[in-house]
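There are 2 protein chains.
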Amino acid sequence: MISKSLRQNRFQFQKTFRLFSTLQSPTEQDFQELVKRAPSSLVVNHWEELEKYNKDWTGNYSGKSRIVCRPNSTKEVSSILEYCNERKIGVVPQAGNTGVVGGSIPIGDEVILSIEKLNQIHSFDGINGIVQCDAGVVLQTLQEKVAAWDALVPIDLGAKGTCMIGGNIATNAGGQYYYRFGSIHSNIIGLEVVLADGTILDLMSTNRKDNTGYDLKHLFVGSEGTLGVVTKVALNCPRLPSSRNVAFLACDSFQSVCETLAKAKEHLGEVLAAFEFMDKAVLDQVATEKRIPLLNDNGENYDFYVLVETQGSNEDHDMQKLELFLESTMESSQAVDGILAQDMKQVLDIWEIRESCNPIIKSKGYNYKYDISLPLDCYYDIANVMRDRLSKFPTVEVVNWGHVIDGNLHLNIIDKGEFKVREEVKELIEPFVFEYTISKKGSISAEHGLGQCKNEYLGKYAKDAATVAVMKNLKQSFDPNGILNPSKFLPSL
Amino acid sequence: MISKSLRQNRFQFQKTFRLFSTLQSPTEQDFQELVKRAPSSLVVNHWEELEKYNKDWTGNYSGKSRIVCRPNSTKEVSSILEYCNERKIGVVPQAGNTGVVGGSIPIGDEVILSIEKLNQIHSFDGINGIVQCDAGVVLQTLQEKVAAWDALVPIDLGAKGTCMIGGNIATNAGGQYYYRFGSIHSNIIGLEVVLADGTILDLMSTNRKDNTGYDLKHLFVGSEGTLGVVTKVALNCPRLPSSRNVAFLACDSFQSVCETLAKAKEHLGEVLAAFEFMDKAVLDQVATEKRIPLLNDNGENYDFYVLVETQGSNEDHDMQKLELFLESTMESSQAVDGILAQDMKQVLDIWEIRESCNPIIKSKGYNYKYDISLPLDCYYDIANVMRDRLSKFPTVEVVNWGHVIDGNLHLNIIDKGEFKVREEVKELIEPFVFEYTISKKGSISAEHGLGQCKNEYLGKYAKDAATVAVMKNLKQSFDPNGILNPSKFLPSL
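Which chain is which? The protein sequence lines are Z and Y, in order. Just so you know, the UniProt record's numbering puts 25 at position 25 of the first sequence, and the rest follows in order with no gaps. Just so you know, the UniProt record's numbering puts 168 at position 168 of the second sequence, and the rest follows in order with no gaps.
The following block holds chain Z by itself, in its conformation from the complex (with noise of 0.2 Å):
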């Protein structure tokens, strides 16, 4: 292969990249202007009345953008940006609001285009498991909707409450079911998109199967509304399981993780839907507001637990395929302990405690958060590091939990009754856990994205010189004045 470095700078740009500079701030012309388009925009002389849409959960990251367009229909998210893109004002779509990377707060003043009136289910097809909708529904809402027509959306995550399927299209979200139902490129069949020029682009399609030009619904499935705004979409939606199951086991090790990882992979083959793990560091903390219900002899947490959830269509099956997987893992020492959920308020009961990490670990102080792939061999060596690293902070706890079946972990660290960064601990973090990531050929960023979080590293961390020059040109080509989440995704050089 040819060396990198000769490589890089071959593919040449079509245009200078824009820094984005020349883009306005949209005056209050440009509000009465956008509210005649769009009319249920918010605009507001405080900026801290539109808090909600300007400030994210984590509270690290906020803007102050003055108007929040919320078109009621593609034609109105059209005639916003055709405006905008003529003004070369800077547009930041907006869906649930629940990343954690800042993708859809505004740098500055930005207008904010929230998709939130679009939140239409459309129809299901019965016979294909398809469903059509609007891109800011409600996942859950789409989630309950979906199983009333004995189906399921093959997409599940803890801020489902919130979050909407458009912006989970946009941020291509992983979540717990990722193994079995595979990414939003698996289960996408059709969308529909407004470029940044206004035009609608109408991939809307119900056929499972359609080799006609190149299959452009991917290349918006995670690019964070850089490329265009997501507003209608056409979902694969598997069979609703009717048999599911939850078992909650205690490891002693890591090792043993990865042993009762493979075993279930053996014993559950075509209904293992998750396996996740969380840490002792972790569950100390969830345990200080949840009662954690498997405890060693001296009545504390165990250090490894994971949670194994099978969905499948014969329930005697399942619990047969279960008993022996269970009986091989206990039996071999693989796992020390463990429960298996006996009706559905108790799966919940265990689900809660894992969705419940992230936000428990946010009130406990400041919370440095990373969500990196790493290959199974190396997986939690990086916890052990950086509490050696963070060693000299007594109130830094590195708690760690993840979709460990992906090769995804959610490392945090908390620093305890701290409520800002502190630059003492980052410089310990960063850039080494990114460093560190890249040397074991893992990726900075498994499923939550770059925003304005990451996008610095890209070039530094994740992809070579070639990559990143491709990627900015399919940027200019199809957001010329680069209005679309400007400064957000792709490195600023």
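For the record, the hints were derived by calculation from the structure and aren't laboratory data. Careful: at least some of the hints might be erroneous.
Claimed, not checked - Simulated crosslink set (DSSO-like; lysine-lysine; CA at most 27 Å straight-line):
hint	chain 1	residue 1	chain 2	residue 2
1	Z	LYS75	Y	LYS440
2	Y	LYS75	Z	LYS460
3	Z	LYS265	Y	LYS265
4	Z	LYS265	Y	LYS55
5	Z	LYS36	Z	LYS88
6	Y	LYS460	Z	LYS75
7	Y	LYS265	Z	LYS145
8	Z	LYS265	Z	LYS362
9	Z	LYS145	Y	LYS441
Please read these numbers as outputs of a predicted model, since none were measured by experiment.
Place chain Y on chain Z using the hints.
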């Protein structure tokens, strides 16, 4: 939604789309230079000597290339493309040459770039089930090697003995297990691609999750070699099933086929792996060369057949599910007759019937081949409509099979005893078959792609003008000289 006609011209090309009129024919001097850059290349004075590369198996397409570059490394691919790009010489990337739309056959004297010598399997990660290999590995070779590692390649199709994994990716190959394992988009983990100017794009990875930047690899999936040449692949490989069963059922009507499909989804759930359909017309052809193991009381073929395959991790469970399914479908007379393969030989014999449809009808006469997606409720109507339209030609037979579970129909029209196109037949088929398909919101190319056969139909029968404009813009941006697979895939105007 805004009317398409108003919007269609909004998305402007950055430059005018070139019709490749500026491409050069390669000279003797070019041949010498290319052989220097890829010493295994073949240069031949009589183009007939390169027939294997200049013609395809359908006999419908042939080129007049005098050089087949056969690079031994990515670096050689890069060097060839760099040269051809500078000299503005057209290049046709070619893998196994098993397509049906002429996508890998030169139109004129373009350079053929065969990836056949890039045929190494590099690694298999047993924990995560990821194989890394060169793009020129033959699919069946890859399947066999991966099976030895107790895993499977999630792509399978009739041409497996000849087609190559890089070609499967470049054409987004579908095949029989698409329902179970998903498309190439679902299974691709990493890719190495050489762009038109020779830039090597290293998108290889073994991370299942990686949200750092645009996921460029999806752009190349199904792009038929018009944006770059795939040279390496990392692919998801699920566990090999320990249990595999095949049933072959007869139905009296297409309605019963659909009801049997619904029952299969209900009873077989997560172990359902394939559900294929064949009609009497095609099996009457197959029966001239193979014994059909299910006949009606008159010793004739039934009107419809389905092949149902399960793959699972527990033989007892799978058999129980299959028995419940068979009982249910037989009791309700949805299936009127059926056999269950008793061993692997019988499994393969049943599949042999399905896979011999294509080669056997080819031997009977000229084939008009269509590969369309249609909604299930009108999936088979086109066959009868076509029979009516063509009833005045006694030698013409409309024969059908396909991946009915994906809505994908292989509609084939045989002109028995004829071995070339008859315009009076063709004009009754086209453009009617395309107009009919789009009137039902189907796709005119479900899995076979566009190549040089259907590229001119893209804007007419598949995508709207705005979408085609975006595609042309992408092509322009990746391949400004238009050297890659010229005059294919996209419409000329």
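Tested hints:
Simply put, LYS75/Z and LYS440/Y have alpha-carbon atoms about 25 Å apart, close enough for the 27 Å limit, and the pair holds. For the suggested pair LYS75/Y and LYS460/Z, the alpha carbons sit about 24 Å apart, so the restraint of at most 27 Å is met. At most 27 Å may separate the alpha-carbon atoms for a hinted pair to count; LYS265/Z and LYS265/Y meet this at roughly 23 Å. Pair hint LYS265/Z plus LYS55/Y does not hold up; C-alpha atoms about 45 Å apart against a cutoff of 27 Å.
Proposed proximity of LYS36/Z and LYS88/Z is supported: the alpha carbons are some 18 Å apart, at most 27 Å. Using a Cα cut-off of 27 Å, the hinted pair LYS460/Y and LYS75/Z holds, with the two alpha carbons roughly 24 Å apart. Using a Cα cut-off of 27 Å, the hinted pair LYS265/Y and LYS145/Z holds, with the two alpha carbons roughly 21 Å apart. At roughly 33 Å between alpha-carbon atoms, LYS265/Z and LYS362/Z are farther apart than 27 Å, so this suggested pair is violated.
Proximity of LYS145/Z to LYS441/Y is assessed by CA-CA distance (about 25 Å); at most 27 Å being required, the pair is judged to hold.
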